[in-house]
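A.B. asks: In order, the protein sequence lines correspond to chains V and S.
Heads up, the first sequence is in the numbering used here, so the first residue is 1 and it goes up one at a time.
Heads up, the second sequence is in the numbering used here, so the first residue is 1 and it goes up one at a time.
None of these hints come from the bench; they were simulated from the model.
Being a predicted model, the structure only gives us computed values, none of them experimental.
It is possible that some hints are incorrect.
Claimed, not checked - DSS-like mimics (lysine-lysine), calculated; alpha carbons at most 27 Å apart, straight line: (1) S:Lys291 / V:Lys309; (2) S:Lys291 / V:Lys645; (3) V:Lys401 / S:Lys626; (4) V:Lys622 / S:Lys701; (5) V:Lys622 / S:Lys120; (6) S:Lys240 / S:Lys218; (7) S:Lys120 / V:Lys309; (8) S:Lys458 / S:Lys291; (9) V:Lys291 / S:Lys645; (10) S:Lys401 / S:Lys343; (11) V:Lys143 / S:Lys218; (12) V:Lys402 / S:Lys626; (13) S:Lys74 / V:Lys291; (14) V:Lys493 / V:Lys522; (15) V:Lys522 / V:Lys539; (16) S:Lys626 / S:Lys667; (17) S:Lys402 / S:Lys68; (18) V:Lys343 / S:Lys626; (19) S:Lys143 / V:Lys309; (20) S:Lys614 / V:Lys343; (21) S:Lys534 / S:Lys512; (22) S:Lys486 / S:Lys409; (23) S:Lys309 / V:Lys309; (24) S:Lys645 / S:Lys614; (25) V:Lys160 / V:Lys74; (26) S:Lys240 / S:Lys150; (27) S:Lys645 / S:Lys667; (28) V:Lys548 / V:Lys485; (29) S:Lys622 / V:Lys701; (30) V:Lys291 / S:Lys309; (31) S:Lys622 / V:Lys401; (32) V:Lys120 / S:Lys120.
Protein chains: 2
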Amino acid sequence: MKPFLPTPLLSPLAGIALNNLRRVVAPRVFPVRSFTAFAPSAPRIYAFAKYTSKKKQPNMTTMATTLKGEPLDKAALESLLRRRMFYTPSFEIYGGVAGLYDYGPPGCALQANIIDIWRKHFILEEDMLEVDCTVLTPHDVLKTSGHVDKFADWMCKDPKNGEILRADHFVEDVLEARLKGDKEARGQKVEEKEEDPKRKKKKSKGHEALKLDDAVVKEYEEVLAQIDNYNGEQLGELIKKYDLRNPATGEQPSPPVAFNLMFQTSIGPSSNLRGYLRPETAQGQFLNFAKLLEFNTGQMPFASASIGKSYRNEISPRAGLLRVREFLMAEIEHFVDPEGHKKHHRFHEVEHIELELLDRHTQLSGQTKTKRVSIGQAVRDGTVDNETLGYFLARIHLFLKKIGIDQNKIRFRQHMANEMAHYACDCWDAELLTSSGWVECVGCADRSAYDLSVHAKKTGAPLIVRQRLDEPKVIEEWEIELERKKFGPFFKKDGRAVEAAIMATTQGERGKLAKELEENGKVVINVPGVGDGKVEVSKDLLAIKWQKRVENIREYTPNVIEPSFGIGRILYSLIEHNYWTRASEGGDEARGVLSFPPAVAPTKVLIVPLSSNKDFTPTVRKLSQKLRSAGISSRVDDSSASIGKRYSRNDELGTPFGVTVDFQTIKDGTVTLRERDSTRQVRAEEDEIINAIRALVEGTKTWQDIESELPLFEGQDVDLTLR
Amino acid sequence: MKPFLPTPLLSPLAGIALNNLRRVVAPRVFPVRSFTAFAPSAPRIYAFAKYTSKKKQPNMTTMATTLKGEPLDKAALESLLRRRMFYTPSFEIYGGVAGLYDYGPPGCALQANIIDIWRKHFILEEDMLEVDCTVLTPHDVLKTSGHVDKFADWMCKDPKNGEILRADHFVEDVLEARLKGDKEARGQKVEEKEEDPKRKKKKSKGHEALKLDDAVVKEYEEVLAQIDNYNGEQLGELIKKYDLRNPATGEQPSPPVAFNLMFQTSIGPSSNLRGYLRPETAQGQFLNFAKLLEFNTGQMPFASASIGKSYRNEISPRAGLLRVREFLMAEIEHFVDPEGHKKHHRFHEVEHIELELLDRHTQLSGQTKTKRVSIGQAVRDGTVDNETLGYFLARIHLFLKKIGIDQNKIRFRQHMANEMAHYACDCWDAELLTSSGWVECVGCADRSAYDLSVHAKKTGAPLIVRQRLDEPKVIEEWEIELERKKFGPFFKKDGRAVEAAIMATTQGERGKLAKELEENGKVVINVPGVGDGKVEVSKDLLAIKWQKRVENIREYTPNVIEPSFGIGRILYSLIEHNYWTRASEGGDEARGVLSFPPAVAPTKVLIVPLSSNKDFTPTVRKLSQKLRSAGISSRVDDSSASIGKRYSRNDELGTPFGVTVDFQTIKDGTVTLRERDSTRQVRAEEDEIINAIRALVEGTKTWQDIESELPLFEGQDVDLTLR
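The shape of chain V in the complex, shown without the other chains (with noise of 0.2 Å):
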């Protein structure tokens, strides 16, 4: 019936399982790192992980909620986000251009801060050797690795329009919009998901309410299931099978290409370098291994991480933040000895964490419920493949925790053997829930030797480790030795082929040769294409013996744990979990509350005087002083609006702490603290009041500590003023 569908590397059964999963599982946005599907045998054409997964979220809107539990107005936190500059589109007064963004002051803070504190996480606390490689890289590096091969999707064109699509996003969309039609004919609830309004206008245009046969929709849902596996040539007959058509035009597009998502220019004058922009910071790492293993002293394990841009030619890029050209990353190639179970030291550290896991038994078995268990319990039973790889889960998820990532939002989905590359032996993304529902946004696979290995074959550079054995090897096997004076003078021209067939057998054939040879002074050897195919060999010509070898030094190429995060996801999720408004209060809808963690948030602490009396300027400039000395950014704002709505503009930018400059100030030096999520303050003298600020930045002390410390300031409710 589908000749050209590929071989089901699922069970029917299985297929039916993951066809209910599509549609309430897996994130419709394309995960940040997705090399990790990548392999040799994958389809020429590169579907890397869930590059080209769609699968979507019913009911995003109401499932995506605010800090507070109250279902998200992502109206509202785009509106805030916009007017806040957290970013904006880039190019904008020139029209923009789609997948560019530009980070504003507040996003720019937020973003510094989340690497300062991945960097202390990771680099500072296990000694990791960080790197800063060349975005350009030239075209044989990226020939080595595959990407030049198979880091591509498939697009077709619209013959009347030119529109571009991309050729799997196409067929699932028509033929989505067809079921959707069906569902309406037969008076089913539609599921209504949140998306681009273009694409669903677009879409609507499409979508007739039109009963389809019972077989129709099965095969559809069939083919959805299964959108990640067709090749370019599949999708374009899926296309003329179906008679997909582009609702805007109502053509039929031509059929896939493949589009290589890596940019490319020439470096040097004469243009003759290719080179590109690199598409992951990982080749950069592992191409310098060999001077990384000397700069740690030549000691494994370790780990080389590395902060910056990369780069990916999106097709038609969609979702903000969430699916961009030029994106941050911060990765880590953590290099292991593939013997000894890849346990890690410090696995005891982690082990009581407890994680949300997905694991892929679950999902195949078309269950969506994630198991709340210790890493090392996951480990232990086999869920998780290895130490080092549970080590890092558990560090993703300590991380996540602290920039304040939601953790009733958090979970980490093991890949299926559908979307993992053959050299994997366990992969699991960190996903976080959003208003575009589960995004991928730390992925942690198991790269094996495979990139050292190409790598190393192409230049011939050792990427190996060359490791000491504590106690030489000792190796005893068959031995064949040739008499080769009189050999080749004997076998005259045969003598290279009844060489190599001596030579080709294995140590049980020996092991058989030699008692035949000192049974019989001769052994009969297999030849094909000389005389008869078999030929004799005395044993003035040939001996065989069991010899004694030993070795000191064991060559490897070691294994690769990489987890790598998409810096850009993880900072708009961070926003979407932490925003709220005072509406739950009783307060103003309009009054958007961010509640970053101290240490992340753009801005510390906001100065107030209590109005634009010159007599105030001193111990404003003063308090802002001593703040920057000790490393504390804050901001002035003396304008002429209230403080309840200085303050309330304030919260709209995440700053934790608000200090007011009044009146008493003046007469005893002491200022009020405001906490921004509580809108409690306390009353003391400059200087403690800045030690407390110091200690809440430095998560060395709580709120609750401060207000337990501190007297409480009751008198002029700064909020009130507002309401």
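We have chain V; now place chain S onto it with these hints.
C.D. replies: Same frame as chain V, but now just chain S:
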């Protein structure tokens, strides 16, 4: 004699002075920030500032000194940098790519620390608005900014071996070789320069001891003095006129053609959107000006800042980190009202700071002697144009001092008239003295309103400030009122011409016309092409009144003061400035030391257990953990080398402090703390030592303070173990 030469910008006398200057002052290395001389009126091919400047420093080898003032052994330093992986050629196992370098762990940490200090010193201190804009930039933006047309160098090709030469470098090299040959033939001493060995070898081929006519010598010197002023055609004519040949082949290269220095690529799948990798971060900041102004609640002045990679496709990069194709920049765009003499409200904080200034007048008189003056004095006497520029020069100086740049190897050199774009009223470079001469590491230019103006004109976006005037501005002037109902019918087809002629009158003319109208009841207007060119207009068609108008808003385009930092150049200079060897103390010559200040050092503490005795392990682990919690980077060296050797190895990495754990530690919990530069040690309890380290790293205490507080340890001078 040289009809194709451009009109000299300087008098003949000044030309000779410059000629002397060329050989003694300016750096042979290209500036990081070269945009300052780029102006719309510049030659079509953009020769930016010293981009084409190849003025050389004689006897650099003897001039370059270590931190201790001894001659610098550059080969030894380079060996150290390679061995300890400060940086390394990118893609080395694939043969490398010129102008691309990867930073290894110490280089990467050094870079991160420089950036961290930069961010605190400028962004935090001044409440600057940091943005992070994309590197990918569409064609239109860089077309408007002028980069597409003008950001180019001239290159020519050797017809025999295909070698590509930068035309100005080629002309300069060959003429200099001839002058050198002439000097040798005259038996004069020839100055030796330190440079790329490949280049040197190539040049020596073309260099024969051949005496030239005095007139020829003079002519060559005049050409070299103005080498920056030639365009491609002129360089081509010089090549023909003097029959300049590539020493490698003996051939005359092809006529120069323009080579744009931007890396080009295509954005999106249709390849229609041409794009470039940005050559500077500035444009992204300019395009966001309106949003940034709004973010700053409309208040002026303010500054934006950006730290990020930029790209220049150099024709033939050499000189290591000093001239690369991918580099990290940190740029500030300070937006200021062009009225009011560009005062700066914090200028009083820096006015006492003394700088080494090399002003343009000194240079034009052929001198290179800097003047040490306070920036307050320099602004008062007009050497530095305005307070804002002066403020930033002082702040740049303080930053360079803070990170550990040698105070005797900084100067601020003013651009001369022919280096500077016409819109710049002043421009100064912070130059650092290295083994490659004076290297421009920071540029500080006044870009005027150029960029905002051209982008506003192109896009129609209002890149302006609307200032509410404190006192409304009253404008009184002559205004024309036409009696339109009668005017049109009266003049019929000539109406428009007559009206245009009337409206084109100046205020002065209108005053006279008003008087004429009052006296004669009519006026005579010159209207070419209408009748005899004179037209009578009577007072029933026209009134001319003295009118009063009130303006409440003033609109203006801000000017931009731009301090722009080349981080890689600063980093390399910092390494050279802090390098010395213990040789000067009678120790082993090979014992290199990098005396970075603690705040900037890649790693702060080396932890050294006395031996590999397992009893030390818990203490070492606890110590590492405590330092980590305090945010202080440390590394453990538990190798079997002697303590002296281990410290010595670490001196090469610039680690300022060492902590030794020995048997006494196990008894009483005390450890020793060693200071890198003096190799002196104190001994105290672990926590006291950690507090001391923290104070040293934060800069609140000096080593002298620590020595006065904690008991000196002399029982076991670890350095003796090496001597």
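A.B. asks: Now look at each hint and say whether the structure bears it out.
C.D. replies: Here is how each hint holds up against the structure:
Our distance criterion of 27 Å between C-alpha atoms is met by Lys291 (chain S) and Lys309 (chain V), whose separation comes to about 24 Å. In summary, the hint linking Lys291 (chain S) to Lys645 (chain V) is supported, as the alpha carbons are separated by about 21 Å, within the 27 Å threshold. Of the supplied pair hints, the one linking Lys401 (chain V) and Lys626 (chain S) holds, its CA atoms being roughly 22 Å apart against a limit of 27 Å. The straight-line distance between the Cα atoms of Lys622 (chain V) and Lys701 (chain S) is roughly 23 Å, inside the 27 Å bound, and the hint therefore holds.
In summary, the hint linking Lys622 (chain V) to Lys120 (chain S) is supported, as the alpha carbons are separated by about 17 Å, within the 27 Å threshold. The hinted pair formed by Lys240 (chain S) and Lys218 (chain S) meets the criterion: a straight-line CA distance of about 18 Å does not exceed 27 Å. Between Lys120 (chain S) and Lys309 (chain V) the alpha-carbon distance is near 23 Å, which keeps this suggested pair within the 27 Å criterion. At roughly 18 Å between alpha-carbon atoms, Lys458 (chain S) and Lys291 (chain S) fall within 27 Å of each other, so this suggested pair holds.
Straight-line distance between C-alpha atoms of Lys291 (chain V) and Lys645 (chain S) comes to about 21 Å, which keeps the hinted pair within the 27 Å bound. Of the pairs offered as hints, the one joining Lys401 (chain S) and Lys343 (chain S) holds, with about 25 Å between alpha carbons and a cut-off of 27 Å not exceeded. Taking the CA atoms of Lys143 (chain V) and Lys218 (chain S), the gap is about 54 Å. The hint is violated against a cut of 27 Å. Under the criterion of a C-alpha separation no larger than 27 Å, the hint pairing Lys402 (chain V) with Lys626 (chain S) is consistent with the structure, at around 19 Å.
The suggested pairing of Lys74 (chain S) with Lys291 (chain V) holds, with an alpha-carbon distance near 22 Å, which does not exceed 27 Å. A threshold of 27 Å between alpha carbons decides the hint, and for Lys493 (chain V) with Lys522 (chain V) the separation of about 21 Å falls inside it, so the pair holds. For a cut-off of 27 Å, the pair hint linking Lys522 (chain V) to Lys539 (chain V) stands: about 5 Å separates their Cα positions. Note on Lys626 (chain S) and Lys667 (chain S): the hinted pairing holds, with a Cα-Cα distance of about 20 Å set against a maximum of 27 Å.
In summary, the hint linking Lys402 (chain S) to Lys68 (chain S) is supported, as the alpha carbons are separated by about 19 Å, within the 27 Å threshold. Using a Cα cut-off of 27 Å, the hinted pair Lys343 (chain V) and Lys626 (chain S) holds, with the two alpha carbons roughly 25 Å apart. A C-alpha spacing of about 25 Å is found between Lys143 (chain S) and Lys309 (chain V), which places the hinted pair at or below 27 Å, so the restraint holds. Restraint check: the Cα-Cα separation between Lys614 (chain S) and Lys343 (chain V) comes to about 21 Å, which is no more than 27 Å; the hinted pair holds.
A threshold of 27 Å between alpha carbons decides the hint, and for Lys534 (chain S) with Lys512 (chain S) the separation of about 16 Å falls inside it, so the pair holds. Taking the CA atoms of Lys486 (chain S) and Lys409 (chain S), the gap is near 78 Å; set against the 27 Å cutoff, the hint is violated. Pair hint Lys309 (chain S) plus Lys309 (chain V) holds up; C-alpha atoms about 9 Å apart against a cutoff of 27 Å. For a cut-off of 27 Å, the pair hint linking Lys645 (chain S) to Lys614 (chain S) stands: about 21 Å separates their Cα positions.
Using a Cα cut-off of 27 Å, the hinted pair Lys160 (chain V) and Lys74 (chain V) is violated, with the two alpha carbons roughly 35 Å apart. Distance hint between Lys240 (chain S) and Lys150 (chain S) is fulfilled; the C-alpha atoms sit about 25 Å from each other, no more than 27 Å. Between Lys645 (chain S) and Lys667 (chain S), the direct Cα distance comes to roughly 25 Å. Compliance with the 27 Å bound is thereby established for this hinted pair. The suggested pairing of Lys548 (chain V) with Lys485 (chain V) holds, with an alpha-carbon distance near 25 Å, which does not exceed 27 Å.
The straight-line distance between the Cα atoms of Lys622 (chain S) and Lys701 (chain V) is roughly 23 Å, inside the 27 Å bound, and the hint therefore holds. Of the pairs offered as hints, the one joining Lys291 (chain V) and Lys309 (chain S) holds, with about 24 Å between alpha carbons and a cut-off of 27 Å not exceeded. Our distance criterion of 27 Å between C-alpha atoms is met by Lys622 (chain S) and Lys401 (chain V), whose separation comes to about 24 Å. Restraint check: the Cα-Cα separation between Lys120 (chain V) and Lys120 (chain S) comes to about 18 Å, which is no more than 27 Å; the hinted pair holds.
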